[in-house]
Structures are given as C-alpha cells and as structure tokens.
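Engineer: Here is what each chain is made of, one letter per residue.
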Amino acid sequence: MAAVRNGPYADDLPAYRDALHRFLGASELDAWRGCYIDDVAEEMQFVSGMVRTIYDADFGKYGFPVEAGGLGGDVRHWAVMYDELVVAGLPLTGQHSLLTTLAQPIARYAPHIAATYLAAFARGDEWWGQGFSEPEAGSDLASLRCRAVLDGDDYVVSGQKLWTSHGATATHTVLLCRTGTTESRHKGLSMLFLDNDMPGVEIRPIYLASGRAELAECFFDEVRVPADRLIGEAGQGWAVAMYLLQFERAVYAWQRAAVLLERLEALTRVVPSGDLARRQLGTAYLDLIGLRARSVETVRRLAAGETVGPEASADKLLLGAAEQSVYEAARCLLGEQFAFSSDPAMRRWGQEWWFSRTTTIYGGAAEVQRGIIADRVLNLPKG
Amino acid sequence: MAAVRNGPYADDLPAYRDALHRFLGASELDAWRGCYIDDVAEEMQFVSGMVRTIYDADFGKYGFPVEAGGLGGDVRHWAVMYDELVVAGLPLTGQHSLLTTLAQPIARYAPHIAATYLAAFARGDEWWGQGFSEPEAGSDLASLRCRAVLDGDDYVVSGQKLWTSHGATATHTVLLCRTGTTESRHKGLSMLFLDNDMPGVEIRPIYLASGRAELAECFFDEVRVPADRLIGEAGQGWAVAMYLLQFERAVYAWQRAAVLLERLEALTRVVPSGDLARRQLGTAYLDLIGLRARSVETVRRLAAGETVGPEASADKLLLGAAEQSVYEAARCLLGEQFAFSSDPAMRRWGQEWWFSRTTTIYGGAAEVQRGIIADRVLNLPKG
Amino acid sequence: MQFRYDPVHEELALVVRRFLDETSTDAEVRDAMGSALGWDAATVKRLAGELGAFGLAVPAEHGGAGSGVTELGIVLREAGRALLCAPLLSAALGSALLLDVGTAAPEGLVARIAAGDAIVALATRATSSARQTEQGWRLAGSHEWVLDGHVADSFVVSATTEQRPALFLVDANDAGVSREPIETVDGTRRFVSVRLDDAAATVLADAGDAKAAVARSHDLALILLAAEQVGIAERCLAMATDYAKTREQFGRPIGQFQAVKHKLASVVLEVEAASAAVMYAAWIADHDTENVAEVARIAAYQANEASTLATSENIQIHGGIGATWEHPAHLYLRRATINRQLFGDPQAHLERLAKLIEERV
Amino acid sequence: MQFRYDPVHEELALVVRRFLDETSTDAEVRDAMGSALGWDAATVKRLAGELGAFGLAVPAEHGGAGSGVTELGIVLREAGRALLCAPLLSAALGSALLLDVGTAAPEGLVARIAAGDAIVALATRATSSARQTEQGWRLAGSHEWVLDGHVADSFVVSATTEQRPALFLVDANDAGVSREPIETVDGTRRFVSVRLDDAAATVLADAGDAKAAVARSHDLALILLAAEQVGIAERCLAMATDYAKTREQFGRPIGQFQAVKHKLASVVLEVEAASAAVMYAAWIADHDTENVAEVARIAAYQANEASTLATSENIQIHGGIGATWEHPAHLYLRRATINRQLFGDPQAHLERLAKLIEERV
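Just so you know, the sequences run in chain order A, B, C and D. The first sequence maps to residues 12 to 394 in my numbering. The second sequence maps to residues 12 to 394 in my numbering. The third sequence maps to residues 2 to 362 in my numbering. The fourth sequence maps to residues 2 to 362 in my numbering.
Treat the hints as calculated values from the structure; they're not laboratory data. Take these hints with a grain of salt, some might be off.
Chain D is faced by these chain A residues, among others (derived, beta-carbon under 7 Å) [claimed, not checked]:
1) Tyr47
2) Asp50
3) Gly149
With a Cα cut of at most 20 Å, we get these calculated SDA-like pairs of lysine to any residue [to be verified]:
4) B:Lys198 to B:Ser169
5) A:Lys393 to C:Thr134
6) A:Lys393 to B:Gly394
7) D:Lys356 to B:Ser284
8) A:Lys393 to D:Glu72
9) D:Lys264 to B:Arg196
All residues carry an ideal CB built from backbone N, CA and C; glycine is no exception.
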C-alpha cells in the first residue's frame, strides 16, 4: 500500500497536466518515444517499462482510489495522461486500453480485489484480459454460455471465450459467465476475477488479418475460482458489464482520438498537398474533432459519477467513424505506397488500417450500437 | 385503327434511330426545344403537341402492338426515343413516364382496352393516372383498402388513392383495388380501368415541396365501373402490378438516365472548373453510366419478353442514387446561386432537386427495394 | 480541447422554448412567411422586451443582459427548432459589430438594437467602393442577399478606400440607397439586394481594424448559424422519431424496422457531434479570442452536415407526406439550405480548416 | 451506350469455374502463397493447356483461341472469384502488347506465351532511359512492382531515347538485369523490382507507336483487372450472404436483420453496376478501338468501388472471425487493394473521366 490519501493533483487538473507535461518531456522517457513494434506482445512488454516509470513518479497513480494504491482523481486524469503521452510522442498500447476498460468497474464493484491487484496493473507489471465474447455470443452478449457453478466456496468454470484482447499475455481474466440458466439471458450472469495460471486455463493467441496477434481464445476446463473473486454480487454480472461498457466505449474513445489526431498529423506530413488530399484530411480531422467535442462531455459526466449508459454507444460509433475516416484517408492518399511498399512506416499504416476495420466489430458491432441508440435513447418500439 | 402490320423499323433498331434522329432535328419541333414550364399541367399540355407530331409521323407508334394502333417493335424503341429526344434538346415529361409504366401492362393484360384507348395516350391526346398508393398503404402496397364490389355487370368502387402522378389532368385511372377480403393482402386485388369523368370520381392536385403540383389524391364514391374494364382477371391485380412495376422501375430508369445525362452536361457547362467540381461531376457521371450499363441489359431482357421481376429493384435503386448524385452535385456546386437566386434556370435546378429527393420514396421506398433484393434476389431469410 | 466547467444553460433554453411553442407554431410561421414584414411584430416585440433576446450578449451599459455567445447560441438553437421568423440574427450580429468598433458607432444605437427599436443589417460579404468628398464619405456598389435589409434602419457596409478595406455605416433612408426584395429558397427570412449610389456613409473602422472586425463578425455568424442548424436538426430528428413511432406499415410502426432505427441513430450521431462542436465553439468565443476562426468553421461544417442529414432523413422517413408543401418538413430543409450558404460555402470552411492543419504540422 | 447482341458466355465461365473449384481452393491458394514460385506449376500447366486460358485472345495463327477481351474478362472474373495464383494477367497483357507491335516482336514468342512456356512481364509504368551503342540498344533505369517478374523470361520496357518514348524487349537473363522480390499487401501475386544497368534491348516500337501501344495495353489491363475485381466482389457477396443465412445471433439467422439485408443489397447494387460496366467495356474493346480509354476507366472505377465495398462488408458481416488471418476474407481484400493500384490510382481515373466530360460539353 503506497499512498493513504489523495495526491496533490487529485483536484487540480491543470496543475496535473503541466507537471505531467514536464515529466513526459524528460530524457528518461526517450527510449519509448516513437516506438512501434510489429509483435504486439513484445511491444506491450517494452512499453510496460514506460508505464512503470510514470507510475513510480506518481503520475500514473491518478484516476485510481487511494484504497487501490492510487492518488485519487478521476477519469479526466486519464484523459489528460493520454493527451500528454501523445504530445510527448510516447506510445499508448494494449495495457492502456485494458486499464481504461477494467480499472473503474473493479474499483467500484470489487474494492477488495482492487486493493490487492490493481496497483500492479496500473504500474504496468501485468495486464488483465476481458473475457466477454464467445463463439456463439458475439454481438448477442446475453446469450453467452461459459458456466460457473458454485461448489462449496468455489465457482467451477467451464467454457470458452473468444476475442480476448491481449489474453495470451494477461495474468488475469475478468470473466463474464453464466451462473443462472441459459434461458435467463442477461439476468443469470456473474463476473469473476480469475488467475490465468490456475489449472484448467488454456489461452491461445489469435492472429488477425493484419498479421498481429492482438486477441486470444480462452478455454476453461473446470477451473476452480474462489467465490470471493466475484466482481459485484452473484447474478449482477450484466450490471457490472454495463457499467464497464461505459468506459470501454466512452473513455477508450477519448484515448483513441488522442492517438488518431497524432496519426492524422503524421499522415498530413507525408502526403503531398493538393485539393483532394486537403479535402480528405480535413474531413477526417472534423470527424475527430466532432468525436472529441462529444467525448469531452461524456468523460466529464463519467468523472462526475453520472450514468452515461446507452448514450456511450454514440461515442463508440463516432470513434468507429473517425477511426475509419483517418485510415481510409491513409489508404487512399498513400495509394501505391500503401499497397506495394513494405517499409516499416507503411507496414504500420497497413496494420493500423486493418485494426480500423475492426472498430465497427469489436465490443458490440456498429449495428448493435445503432440499435441501442434507437431503442434506448430514442425509445423507438422494439422490433 | 391505323396500321394493320408492323412498321419498317419494328425489327431494325439502328435504322429507327437514324430516321428518328433526322426527324427530331427538323425545325417543325423547334417550338419544344429547351422548354421547361413551372406549371406542370401547362407543361404537359404544351408537350402533348410534340408527342402528337412525333406520333403522326409514325415514330411514336413503335413499341406498341399493331392491335393497339402501333407499328410493333418493343421497349428498346422507347429507349431509343428517349435518347434521341434528349439529344435533340426536346422534353421528356409526365406523359412519357406514364406511358412507359402503363402501356405494356394494358397491352398484355387488357388488349381490348388497349385497342380502344391506347392510341390516344400514345398520341399525347390524353394520359392516364396510376392509382396504387393510399394514405395507409404506401410502401406496404398489399395492405390497400380501396374496394371494388361486383354488383351485376359493374364493379362499384369506393375508397381513396394518394400520390397519383398527374392524376388531376388524367382522363383515366389504372386502379389497383381490393376485390377480396382485407386479410387477403396481395391475393385479393384486381386492376380496373376507370374513366375519370364518371360520377363519384373526385381528383385534387397535391402541391409538393418544390411548389409543383405533380401528384393528386383521388376519391371514389360508389363509382360504377363495367366489369369488362378489368385489366387481367379478377384477383390477378397483384400479378399485373408486379408486371407493371418492371417497366415502372427499369424502363423508366433508362428514361430518367437519358434526361440526367443531359442535365449533368448542362451543370458541367455552368459550374466553374476545379478539382472538387470535377470530382463531384465525375462521380455523378459514373453513377449514371453504371445505371445505363445495367439498364441496357434490363431493357433488352424486357424487350425479349423475359421476366426481370425483383431484379428491377436494382435498376430503381441505381436510378435513385444517380438522380440524387446529379442533383446533390448541383446543389453543392451551384452553392449560393442555388440557395439565393430566383432566376428561371436556378428555379428549375431547385425544383428538380426537390424531385430528386422523392426518387427514394415514390414507387416503393428505397428501403423496400433493398428488402426485395435481399429477400428475393439473395434469398435471405424473411425477417 | 479542454474540459469546460460552465453550467449547462438548460433554464434559458426552456424559457425560450416555452415562448416559441406558443408564438412560433407552424401556422404562425406560415403567416409570417406570407406577410409583408416577414414576421409577427407583436412576437418580435415580446422577444426583445420580455425575453431580452436581442440584447442577450450586449453589455448592461448598452442596455443588454451581458451574457455571451454561449447564451446567444442557445437562443438561436431554439429559433432553429421553431423556425422562428424574427430579425434575431441581425440583432446579434449588428450589435456585436457595432460594439467591436467601439466609439466609432453612433451613441445609443446598440441599445436601440437591444431594445428591438432598430435594425442594423450587415452588407459585409461584398465590397463597395468608397470615396471621400467635401460632404464626407460616399459609397457605391451592390450587395446581394442582405438579411433583414428590407426594414433595416441602417447598413454596415464593407468598402475599399484606395485599396484599403474599411467599414462604414449607411443610413437606409439615404437617397443613394435602393433596396429590392429577393426571393430565396427559404421563405422564413427576408433578403434584399442593396444598391449604393453615392450613398452618404460614416466610418466605423479603418484598414486592418475593419478587416479584423468583419472577420470576427463572420466567425460569430458561423457559430450562431451553426447553433440554428443544430436546432433545426434536433427538431427534424424529433419529428421523424415521433412519426416512426406512430406511422404503421406492414402491420407495425415503421420505427420497429431496423432500417428506420439505424437511419435515426445515424442522425443522432451527427446531431450529437454537431451539438458538441457548437457548444465548444461558443465556449471558445467567450473565453479565447485567438482560436475562434478555426472552431467556428468546425462548428459550421458539422452543423451543416447534421442539418442536411436530419432535414433530408426527416423527409425520407415521412415518405410522400413529407415531400408535400403542406407538411413543415420542407420548410426546415429550406432554412437549413440558406443557413449553409449565408456566410460562406461549406467547402470553403473545409479547405480553410485543412490549410490550418497543414500549417500546423 | 448501345444495345449489344452477343450471347452471354455462360458456358466459358462455367468451365473455368469448375476447374478452379478443384484447383484453387483456400488450401491451394495458401500453399501457392507460401511457395517460392507463387503458384502451383501443375495447375498453371493445365490452365494453359487444357483450358487454353493463356492464349484465349491470341489469334489462331499464333497458337491461341482467337477470342477477345470479353472472353478474357470472363476468365479473369473467375480468377478473381477463386483468388487464382497464376501468371494469367501477365500472359494476357504480354501477348496483347507483342501482337500490337506486330513483326517487331520475336517470332514465336506470343505462341510460347499462349502455350504457357514463356512469361513476358510488363515494365511499362515507369520509364528507363535508352542509348544506342555499337552493340545495339542499352537500357538503364528501375521499375518497381513488376508483376510476375520473378520468373519472367523477358521484360517489355518503356524507355526514352533522346526524349522520345519507345518500347523495348529485354532478356531477363541479361547480365544488366537484376530483380529483387518485393513484399506487397497481397500474397497471391508475385512482384519484383527490376533494375536495368546497361541491359541489352531490342526495339519493339518507336515514338508515337510506343506511346499508343502502351496506352492500349494499360486500357486492356484496366478492363481485365476490373473483371477480376468484379469476380472478387461477387465471391465476397456470396460468402457474406451464405454466412448471413447460417450464423445465428439473438436467436435467429443474422440475415433476417434488416441491417444485414440492406447492407448486402447495397453490395448487390455496386456489383451489378460494376459488372455491367465491365461487360460493356470489354464489348467496346472488342468492337470499337476509339473509345476504349474512357470505358476502361469507367469499368475500373466502378469495379474498384464494388470490390472495396464487397470485401469490406464481407468482413463486417462475418464479424470477428472475418478479421482473422485464418479466414479467407482478408485475402480477397488484399488482392482487391493491389488490383486498385496496379495500373493507376482510382482518383486518377476519375479525374481523367471528368476532364473527358468537360471537353465534350
């Protein structure tokens, strides 16, 4: 347990930004500036050193409660962190996205787990997988089948998860599983915190079309998980998941937007000027700014503890559109280079372009998000 | 009854084109060149003189069977006619679209009616309305309620029709009405040919957003229509309608494409050159050529007597896209002129732009057409 | 992009909306469209008086409420929702420009605008030529599409003096001023073309000052029009959503069809992004004078996109009925069309933005 | 646009499709991708021999079938559907260009291409420089992205002689030729960059002739690639449609959802328009040599749009599984990406077209 009370920047965002800005500009962090490694696992391993450096200098402790080793503050501190990392030419990689998604739900629904484990995650020493999707439960999350049966003081988990981001290198899995009947749909779900080195856990990387192994499939064969590893109550899994999705959709959108702005600038530097280029770059920029203008408000609401709920789907959809707008601009404007060249910079554009394709698929397909807005924001009649 | 056998061009399309081309270039037709009249009824009245001149010179008789006063040939003759009218700077107006849609179904399913009435329509002396849509049956045509009850030798028609093109100036209505129970949906429909001057018929023009009164609403109060005015058999209305829709969707698409090509050229002449303009004009041109390339094959199939069926929805959707592509280019590239100017040329662009908005609504909304392709061309499971 | 801390002005929006729900119904809008004046005089009087809408951003010492662009934007947004016919935009722009030039403006004029007693119309998009005579400045030139020029008491006119730009005030009743009403696609606003034929003028600002003042005025105009566009888009979204809930086809409300749901969800996205961009631009205009040009264009572009989509999809979802003259849908689309063009073409905004990015990298 | 009277070549398409169903399965494509040669030699031998695919448009006197661009297009379309790994496009373009330059081409070379015994690769998008020596012509320069250059027997090379363009044939085994394999986004085709360092060359065409021959060759390439793009799009449409019929989510096949239906219907539209445009372009190329440049670019643009949409939506409809390396969806998207760029950027086609319209009006 490091700190016992809020740090000096917990309630002073501008001061946090200034101090962080100075810190990230220091030569201590030069090793990570501009880094991009083809192999995802290697990249995350390398970047964890940077995360640790920032954490140990206390800046990485904001946005986490003191009970979990943090220095207080809220998600706006993360938003500032993402912006400043990008400004300093430093990478935002897998562990940042996972932390964005998982940290708040754990802190809120399982303070005892957060107290024990969250600091290591925040420090970059490890990261956790998010076990939601299954082969037969993709967009239709409520139909998931992975079972957890209470046996004495343990849940016995059997089943399969798919599309777990960085699952093959994660130390733990935040697992959404069925504790009720199959027909119970979203009512019979619970969330567990599971160690990936437990017997019966097998995790294999999945190679994506980009050639990168960003995802994993996880197999659970009678894995015994202590019942005190519940996140939230038994049967409360859907509520925890919905709480979590606000961060996965909205705060993550801010994080990606920060990266995308930088990538768009990089693209602008290499593409020859011209009317068409200007038009396409300008449109992508507008999409990004529209996203940011929206996102700044959503992040503020989340920071204030408000429930954003279904409205976070708008942030996610705006992100998907902006992401594809930036990388479609890259594909079109880099043209022949994009198609034929294999130099590292072009390979990166290519890999990122492939990733942008999946923005409208992962975490609930764009079609599902539109449905959420129609049904739960506009209150259109269910179909 | 004019001719008793096919004319010299019935089987010689290239010769028909050449002869027609020469004829349309003659000074006799100069009065109609470039004409556009704000008031639709007035415009059609004026253009009917042109239709008559072309008919009396025999060129307007192709594409109609000899039994109906025609000189034989098929819908390809019409396609050639549309192209050549446009090339000669002559107008294609309401009566052409109505003839395109209604002539073949009448000739096929009601030769006795065609023999008596079609020549006057083809000659421009009159035109007929198409009474399909109703207030509660727009895209969902099969739910229509306008009733026809057999009483002795007459059908007694009561009900309402909406969105009847040029209905207020039409002499007859081709009426799709219910002769079965309401629950019978598309099975209980029949098609009737009705004189608009019969007692109980009331037709009022509808002013559109463009300011033009192109459509009408029709009220039928116990109108007695002789049973020999059936088009097709009783209960065969849906089949006749489906046959008709092939022409309404596919041949009409050719007709509009001919006009749109000319309008795009007109736009290209007035818009200052520049990269953006070139791009937008080029895209519209490609949309048009894609439509034409598709349409030439559809028209050929219809001319050969093949059933195009649900595939005609593709022609209709491509037309909708091309139409909006051309007029969106006009709206964007004419910019301030489009918004602020009230000179006649700009008023015309504005009125046509409004019309283009309705291309994805009339004759079955774009959403319905996409559904037809999904269900009946791709055979996706019904939802 | 920074985090803002301003409270949301929901109260102001509600007050204005309640007022307009009563005074700017479809029937009243159509009456105003058909009238000679172009608006209902009693409504405009209440708008200026009761609501203080014309002097909202005017400092208290000039008889205004001393609020900012944010508040003006909120009112304009409501005006867009209700298709309000009133010289509201002219009042906002005219008073702002006169305040900008400071003491060069006639004393009391801003207060009269704020009170709704004077209309000062902008003729700043084209440029007249000015020459100095013994009797003072004389202007010659023509200005198309001058908003609310038909009853303006005076015009703010851009003109060049020996190649240097300057800004003048011209009395609308001067013998050298002639104005002719012009018909645009939008009947909810009045435009005239103004011809100046040796019209007497007084200088408001000279050279660099004039150019900067006009640029600031146009930036403000873009933000306020963008706010209107968002209001128009929101109202069209609401109309389409309501219709989708009640209109039945194929035995169920069309809002049950995924095609309709997704179409409306797409409109939500555009509206949300535009709304956020406009609020941000207004906030910048109130707090940071340096970056207004960029955020104003971002807001304008986004709001134009949103209003174009929302007004079009509203018609598409209404089907045939939405394309008739009788239905209000086209009135929204028409007003949105004018709003897009009134202070520059959307393409021009995009290109200016792209150049700003290019310069930055 | 004229009415065509040619019978549809369904029979030819069926024969080729049956052959490729056997010989170009997903497993075989992946084997070929991993091989040094880039294709299965036995399959290519049968393709040239049994099917006569390499000499389809070569006149009988040169050992070909004497058909035209229409037939070539049909075969390429099938090749696209099956992601065929084979030097088919090179054979078609090499033989056509050699036939175009007539007797300047070495006797028997076209026949050897038609028989599958020789590969002549095109290096005509960049330009080398040529100088005349006592031993004959010598070329220097570099040509990136030469298709099938890794095993080509010779290269057709564009080069300038004292500012005049000309066309040369270069033996791939000449000491002055070096080639280096390059990796592109598409593993189903092989590309090399070719460096010429005083390589011996013989003239195929001079000045205006050379320019026109290269232009015709590129027009042909655009049409054939467009045909491939249509095949790719059709196959992706079929894959996505099949998947939508079987994949269940929310308790029913996803193909029951209107969002999926409409997405697929949009793909149908693009594919139909592109397919029609390609057939038309091939017909023009067979009947009318004057207007090929325009129709080739129309076909290319439409087919690029169709294949971009179809390959992307195929991935979207497959969801996660469609974005994995294991699934073939990305291979189609990758090949379509190369096809888009191989003979010019889509934007360049669009601009050339727009200029053609401008000139006409």
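Engineer: Against this structure, judge whether each hint is valid.
Structural biologist: Structure-based check of all given hints:
The beta carbon of A:Tyr47 comes no nearer than 18 Å to any beta carbon in chain D, farther than 7 Å, and the hint placing it at the interface is violated. The interface hint given for A:Asp50 is violated, since its Cβ lies 14 Å from the closest Cβ of chain D, which is over the 7 Å cut-off. Below 7 Å, beta-carbon pairs count as interface contacts, and A:Gly149 has one with chain D at about 5 Å; its hint therefore holds. Restraint check for B:Lys198 and B:Ser169: satisfied, since their Cα atoms lie roughly 19 Å apart, inside the 20 Å limit.
For the hint pairing A:Lys393 with C:Thr134, the CA-to-CA distance comes to about 74 Å; that exceeds 20 Å, so the pair is violated. In summary, the hint linking A:Lys393 to B:Gly394 is supported, as the alpha carbons are separated by about 14 Å, within the 20 Å threshold. At most 20 Å may separate the alpha-carbon atoms for a hinted pair to count; D:Lys356 and B:Ser284 meet this at roughly 10 Å. A hinted pair counts as satisfied when its Cα atoms are at most 20 Å apart, and A:Lys393 with D:Glu72 does not qualify at roughly 51 Å.
Restraint check for D:Lys264 and B:Arg196: the C-alpha separation of about 28 Å exceeds 20 Å, so the hint is violated.
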